[in-house]
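Student: Chains as they are written, first to last, in my numbering: chain P, 1 to 155; chain S, 1 to 155; chain G, 1 to 155; chain D, 1 to 155.
Honestly, I wouldn't trust all of these hints.
Identical copies carry no separate label here, and so any pair may be met within one copy or between two of them.
[What the hints assert, rightly or not] Pairs of lysine-lysine residues, derived as DSSO-like cross-links and limited to a Cα-Cα distance of at most 27 Å, are as follows:
no. : residue 1 : residue 2
1   : K113      : K95
2   : K113      : K129
3   : K9        : K92
4   : K95       : K9
5   : K43       : K95
Hints are computed from structural coordinates only; laboratory data are not their basis.
Small disclaimer: the values here were computed from a predicted structure and weren't measured.
Here are the chains, one letter per residue:
Protein chains: 4
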Amino acid sequence: MKSAQNSEKLLQSIFSIFSEKIPFNRVLGLRLDFTDINHPTLKFDMRDELIGNFIHGNLHGGVISSALDVIGGLTAFIGALNKMEGKSELEKVEKFSRLGTIDLRIDYLRPGKGNSFVASGSVLRTGNKVAVTRMELHNDNNLLIAVGTGTYLVG
Amino acid sequence: MKSAQNSEKLLQSIFSIFSEKIPFNRVLGLRLDFTDINHPTLKFDMRDELIGNFIHGNLHGGVISSALDVIGGLTAFIGALNKMEGKSELEKVEKFSRLGTIDLRIDYLRPGKGNSFVASGSVLRTGNKVAVTRMELHNDNNLLIAVGTGTYLVG
Amino acid sequence: MKSAQNSEKLLQSIFSIFSEKIPFNRVLGLRLDFTDINHPTLKFDMRDELIGNFIHGNLHGGVISSALDVIGGLTAFIGALNKMEGKSELEKVEKFSRLGTIDLRIDYLRPGKGNSFVASGSVLRTGNKVAVTRMELHNDNNLLIAVGTGTYLVG
Amino acid sequence: MKSAQNSEKLLQSIFSIFSEKIPFNRVLGLRLDFTDINHPTLKFDMRDELIGNFIHGNLHGGVISSALDVIGGLTAFIGALNKMEGKSELEKVEKFSRLGTIDLRIDYLRPGKGNSFVASGSVLRTGNKVAVTRMELHNDNNLLIAVGTGTYLVG
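Only chain P is shown next, with the shape it has when bound in the complex (with noise of 0.2 Å):
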């Protein structure tokens, strides 16, 4: 109990690290949704901004693959957290500092329309150095926009 209270505690300050200080995370406008601790997703609105295709208004692709990254790297974390039982904060917030990715792959599926965008990953494996995620972009008409694979450093 405590320990599942110690860890939304450090999540939370990870999160805000994430949203507060990550430059490039507030130009896309991502913000973290964490209701289910173990699947935290992103959302983010579609603005002029982030536009590619001007004639047709879409996400410009490297927003999609901004998106992907961030929540294949968050996903890994979890996961590299869920083997950390008993470790200390300090050690938790010492993993995510060492989060990497080291290779991704993107497939483009649809174009980017919509009004609003989620972004989510799950794990494939997590090993002590190495962790694998899928990640998925949906719109807000729960469209399947893009799909991802990540490789993450976690060691």
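Given the coordinates of chain P, work out where chains S, G and D should sit on it, guided by the hints.
Tutor: Coordinates of chains S, G and D only, in the frame set by chain P:
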């Protein structure tokens, strides 16, 4: 000769669309350099907005994937253009408007540190429907920060 | 009804081509199972020939990527077929003959241990020219050994 | 000097393991060539068994991905070895035994036609835990058939 001039004119109008009408490219501060018409490059400067890791001041991974996706698409388009000898300018512009990323792989090799960055690309294959390109991102010390491979719809 | 029978007959002839006329599929020992006509699976048994790591007796990574590529291609083809209502059998066979892998990502999640393996796939997108699929390889303990994403030319 | 001789001896024993004790490499007919010790290449001949498209007689895509994965792993290992100056032969062999592919991207550029093929690789990054390599497959007319990028666990 005339054809080369036309192509250059076409590229210039496409490139002005690119710089002025694609909002997210402006957010990223991407500047096109087509000194070598067959190998366009993108340049951009480090700015606070583009930071992902606020402790080390590195580029956000999404900035890197965005820049590599954009230069990959342009490189694919130049490749497709070179196979359109004798086609009208209209057909070439239509080709540009249909250009889209199918999928993308990014490998993050080193932290995105630097004062400015150059993204470049080369064509691996240009088919009637699909083009494949490789991309690289170097910093102003000529250090290789990231590479990518992209598959683009050009048909 | 008649159309469904035709499609099944078509699939059967394609599947016999697959099993009998593609030499490397025989080397791998791939057996097609199309109990569910929309979700074909591939089965194969562990055999000494297929080993990569002689100490642990694991499947060679190339066997895994081969099986995932093959099931991805078949899944892409089934997806394309479902959009060909009313087309002749000849057109469908021609579609099959033009099928080709554009690119492939494989994630090796766990050592390839097991007595037998099942490769399955699902369609992420079916366009007129390009299809994207996700693939999975499980062993006979239902352990997820590897996943993949493939982009296929179907046009 | 002595160190170079030792390394060569080590490589030779590793390479004989490679050729004689990895069954699927024998199925593929892979022959290691380490004339240039830092850039090993793999050669193999077209054989009926390796065919995927029986009409055109092309290499099976799985043969291509297999060969590129193998040369990528060897290239990653050579890169890791070069950072192990002064370590014992035992430590180096242990490093080899822990080598594993994390993920792989293959781009199929041209039909796999030819009498024989050469797979080669180059290191993009060698870290303590993870190495990234690029790979290429050419036929005996020096035509580029396929390229790949691989991420390998070397730690």
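Student: Does each hint hold? Answer for all of them.
Tutor: Verification of the hints:
1. In this assembly of identical chains, the alpha carbons of K113 and K95 lie at most 27 Å apart only when taken from different copies (21 Å versus 36 Å within one copy).
2. Taking the shortest Cα distances, K113 and K129 sit within 27 Å of each other only across copies (21 Å), while inside one copy they are farther apart (37 Å).
3. Proximity of K9 and K92 under a CA criterion of 27 Å is satisfied intra-copy only: 12 Å inside one chain copy versus 43 Å between copies.
4. Taking the shortest Cα distances, K95 and K9 sit within 27 Å of each other inside one copy (16 Å), while across copies they are farther apart (40 Å).
5. Taking the shortest alpha-carbon separations for K43 and K95, only the intra-copy value of 24 Å comes in at or below 27 Å, while the best inter-copy value is 33 Å.
Violated hints for the displayed structure: none, as all numbered hints are satisfied.
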